[in-house]
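In case you want the letters, here they are:
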Amino acid sequence: MIDIEKLHKSFGKNDVLKGISAHIEQGEVVAVIGPSGSGKSTFLRCINFLEVPTSGRIVYQGEEVTAHAAKLQAVRKRIGMVFQHFHLFPHMTVLENITYAPITVNKVGKATAVQKARELLQKVGLADKENEYPNRLSGGQKQRVAIARALAMEPEVILFDEPTSALDPEMVKEVLEVMKSLAHSGITMVIVTHEMGFAKEVADRVLFLDGGLLVEDASPAQFFAAPKSERAQAFLEKVL
Amino acid sequence: MKKSSWLLLTILMVTISSMLFTPFQQHAAAQGKHAKTLVMGTSADYAPYEFVDTKKSSDVIGFDVDIARKIADRLGYNLEIKDMDFNGLIPALDANRVDFVMAGMTPNAERKKKIDFSSVYYKASQMIVTNQKSIKKVKDLQGKTIGVQLGSIQEKEAKKIASQVNDVAIDKQNKVTDLVEQLKSGRMDAAVIEDGVAVEYLNKNPDLSGFKIPHSDATGTAIALPKNSALTEKFNEQIATMKKNGDIEKIAKKWFEPKKKASDEKRAIIDFSEIFPSVPFILKGIVTTLQFVVVSIIFGFLLGTLLALCKIGGVKPLRWFADAYTSIFRGTPLILQLIVIYNATPQVTGYKISAFVAGVLTFGLNSAAYVSEIIRGGINAVDKGQREASMALGIPKSAMMRQIILPQALKNILPSLMNEFITLTKESAIVAVIGTMDIMRRAQIVSADSYRYLEPLLVAGVIYYVMVMILTVLGRMLERRMSRSD
Ligand SMILES: Nc1ncnc2c1ncn2[C@@H]1O[C@H](COP(=O)(O)OP(=O)(O)OP(=O)(O)O)[C@@H](O)[C@H]1O
Ligand SMILES: [Mg+2]
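Chains G and Y, in that order, give the protein sequences.
Per full-length UniProt numbering, the first sequence starts with residue 1, numbered consecutively.
Per full-length UniProt numbering, the second sequence starts with residue 1, numbered consecutively.
Derived from the structure by calculation, the hints contain no laboratory data.
Hints are supplied without guarantee of correctness; some may be wrong.
Simulated coverage check for chain Y against chain G, where a stretch passes if three residues somewhere in it have a Cβ under 8 Å from a Cβ of chain G [to be verified]:
no. : segment
1   : 391 to 403
2   : 406 to 415
Distance condition first, Cα-Cα at most 25 Å in a straight line; then the derived SDA-like pairs of lysine to any residue [said to hold, decoys possible]:
no. : chain 1 : residue 1 : chain 2 : residue 2
3   : G       : Lys-71    : Y       : Ala-399
4   : Y       : Lys-411   : G       : Glu-156
5   : Y       : Lys-70    : Y       : Asp-99
6   : Y       : Lys-352   : Y       : Ala-429
7   : G       : Lys-71    : Y       : Gln-386
8   : G       : Lys-110   : Y       : Met-391
9   : Y       : Lys-397   : G       : Leu-72
10  : Y       : Lys-397   : G       : Glu-156
Which chain Y residues face chain G? A few, computed with CB under 8 Å, are given here [said to hold, decoys possible]:
no. : residue
11  : Asn-236
12  : Glu-237
13  : Thr-241
14  : Gly-385
15  : Arg-484
16  : Asp-486
This one's a predicted model, so the numbers in the text were calculated from it and none came from an experiment.
Glycine residues also receive a C-beta, built at the ideal position from the N, C-alpha and C atoms.
The following block holds chain G by itself, in its conformation from the complex:
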């Protein structure tokens, strides 16, 4: 579904991604892990061109992603994204946050969009919050709204960039629960995370990045039980 070919990205003189190639299958749940600064976020953001690669290609559903504005928009509609810091629209209610893009971008009727949004809020356990403004919500609630917002566009893939890292510990679980049920729904997910337990339990595959290189690409069972590289071993020793 997504082909990443020889992806390079540098910021000035800083080579952050040094040639990463990977393939992501339809319906797969992929966990991206690695030390801080290894380039995980950059890798993820290159997939939907929030960062424009220095060289290399992203091929989505057989078609190369480029910076061409209209084409890029069309691709982004189909790729959802959830950020570490939520980035909800603070001047819109929860319901407006969720319905805005479907109405504006997908030209869905308002009534349909609202109905769909309510279903999603039900799903993430926030049915009673539709008229709240984001600033009145807890971190966990915000992140669940952000997930609902991404889902409202009915994307084929969702990219998660450390969705629980900014949350107080007691709220991590409620977000992970939502993501777990999503994983079982068959949608493709790429998740940058430090939650090793979650990766082990939910992911179909683990990508381990270090120093801008893809060091390991393995199943969670394999990776967590017997990492091949020394770097992965050292990393796991530290975090587990």
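Using the hints provided, position chain Y with the ligands relative to the given structure of chain G.
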């Protein structure tokens, strides 16, 4: 956007467009007895030559006006009068905004370089007006300060006195009303004022006394016309006729004759009873000022938003343009911009914009420079994540700007914007210079008509203050509305 906001916007738009199509300038009666019309420029703060009897109406009247009417009528023209600041008269003549100027104007060499004068239609002599009973002749002025109107014949007269009497200091002021006010407050001892004008002040102010300066240079008053105007010859013929048949003398008698002797009772320093009947005249300026301020603010805001987008956009030439624009409009005085735009536009484009349009243009263009900086700052202060979240959802750039970024930016910059709008409201008083009949200009006219200086200005001050307070309250309400989401 909410339905109610759209409604509000629509109402606003309708109001503004209806304002734009109502006539702004007070054109004193061009009602058509004749087929053609002459436009006379004057500065209606010089009684009894030209002033407004603000207790009764908004019409400019006086000695000059009567003479102009008579001449225009005899030549087969209607007369239309345009009032403006005295300093704006010659530029207006230059830019063909008026056909001729009558404003108690004296021909002098400097003026003659730019414009032509008719023959002199009236000669006045000079008087010393003083606040001290002990000053009865020119010699008594030793060691005193005497005031004159800057650049006037009287200034020369004062210099002559200074060369004859020891220790005379000369204080130059812009207007005769300023001179009288300084006399009353004791900041100067005497002033040189033309007799016809002085008589009026002496009538109204029992504290002042005066005497004619012996052998003073007679001020000749003449009509100013554009260089090589075809009208000059015709005007001269009419002046000659009117001198011969006694018309000018008759009109002079009507305006310059001393009237009832002022009562001797002491007058309070501040006394509103005198100008009370003129308050409605000043209040009418609110409409002009409001129209002016509202249109300028909206124009400035829209243009400012556009400029802000140029500044943050990726197109380099647009960014350079917007930066240069801002630096020019912030780096030069507003009053200079106003006068340049008002007088240069007709010369460059051949299209005579009205004082109102020139004012709106200047204030709008100027305000846009400040607004664009405020908005640019506001946009940059919006969290980068908002943009990324929008992009990730596939939201087009324009919709993202209008509905995600700008609303958040506006909320943050509302206090600064409000501040800019308040400044604009107060500074709008500057348009009085080009003769828009706004609150300030009307206050000046009342002050000239009533021989009361402070009171009309205080009334104008109160009106401006109330307007600013209303604006402040509206701003607070808007702020509260926008902070629902906090
Ligand atoms: N916009 C940018 N401009 C310049 N340098 C950047 C930018 N974004 C990231 N970098 C640099 O790229 C490197 C990798 O950053 P990235 O955020 O991809 O790492 P990460 O693996 O996600 O780390 P973390 O686990 O801390 O989030 C870092 O050295 C960072 O400083
Ligand atoms: Mg990261």
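Evaluation of the provided hints:
Coverage of the segment 391 to 403 of chain Y by chain G holds. Counting CB-CB distances below 8 Å, 9 residues qualify, and the rule asks for three or more. Proximity of the segment 406 to 415 of chain Y to chain G, defined as three or more residues with a beta carbon under 8 Å from a beta carbon of that chain, is established by the 3 residues found. Among the hinted pairs, Lys-71 (chain G) with Ala-399 (chain Y) is consistent with the structure: their alpha-carbon atoms are about 17 Å apart, no more than 25 Å. A distance of roughly 35 Å separates the Cα atoms of Lys-411 (chain Y) and Glu-156 (chain G); the hinted pair therefore is violated under the 25 Å criterion.
Of the pairs offered as hints, the one joining Lys-70 (chain Y) and Asp-99 (chain Y) holds, with about 16 Å between alpha carbons and a cut-off of 25 Å not exceeded. Distance hint between Lys-352 (chain Y) and Ala-429 (chain Y) is fulfilled; the C-alpha atoms sit about 22 Å from each other, no more than 25 Å. Taking the CA atoms of Lys-71 (chain G) and Gln-386 (chain Y), the gap is about 21 Å. The hint holds against a cut of 25 Å. Between Lys-110 (chain G) and Met-391 (chain Y) the alpha-carbon distance is near 21 Å, which keeps this suggested pair within the 25 Å criterion.
Distance hint between Lys-397 (chain Y) and Leu-72 (chain G) is fulfilled; the C-alpha atoms sit about 12 Å from each other, no more than 25 Å. Simply put, Lys-397 (chain Y) and Glu-156 (chain G) have alpha-carbon atoms about 23 Å apart, close enough for the 25 Å limit, and the pair holds. Restraint check, Asn-236 (chain Y) versus chain G: the minimum CB separation of about 71 Å is more than 8 Å; hint violated. A hinted interface residue such as Glu-237 (chain Y) counts as satisfied when its beta carbon comes closer than 8 Å to some beta carbon of chain G; here the least separation is about 73 Å, so the hint is violated.
Of the supplied interface hints, the one on Thr-241 (chain Y) is violated, with its beta-carbon coming no nearer than about 75 Å to a beta-carbon of chain G, more than 8 Å. For Gly-385 (chain Y), the shortest C-beta to C-beta distance to chain G is roughly 4 Å, which falls under 8 Å, so the interface hint holds. Taken as an interface hint, Arg-484 (chain Y) checks out: its beta carbon lies about 7 Å from the nearest beta carbon of chain G, inside 8 Å. Interface hint status for Asp-486 (chain Y): upheld, as the beta-carbon distance to the closest one in chain G is roughly 6 Å, under 8 Å.
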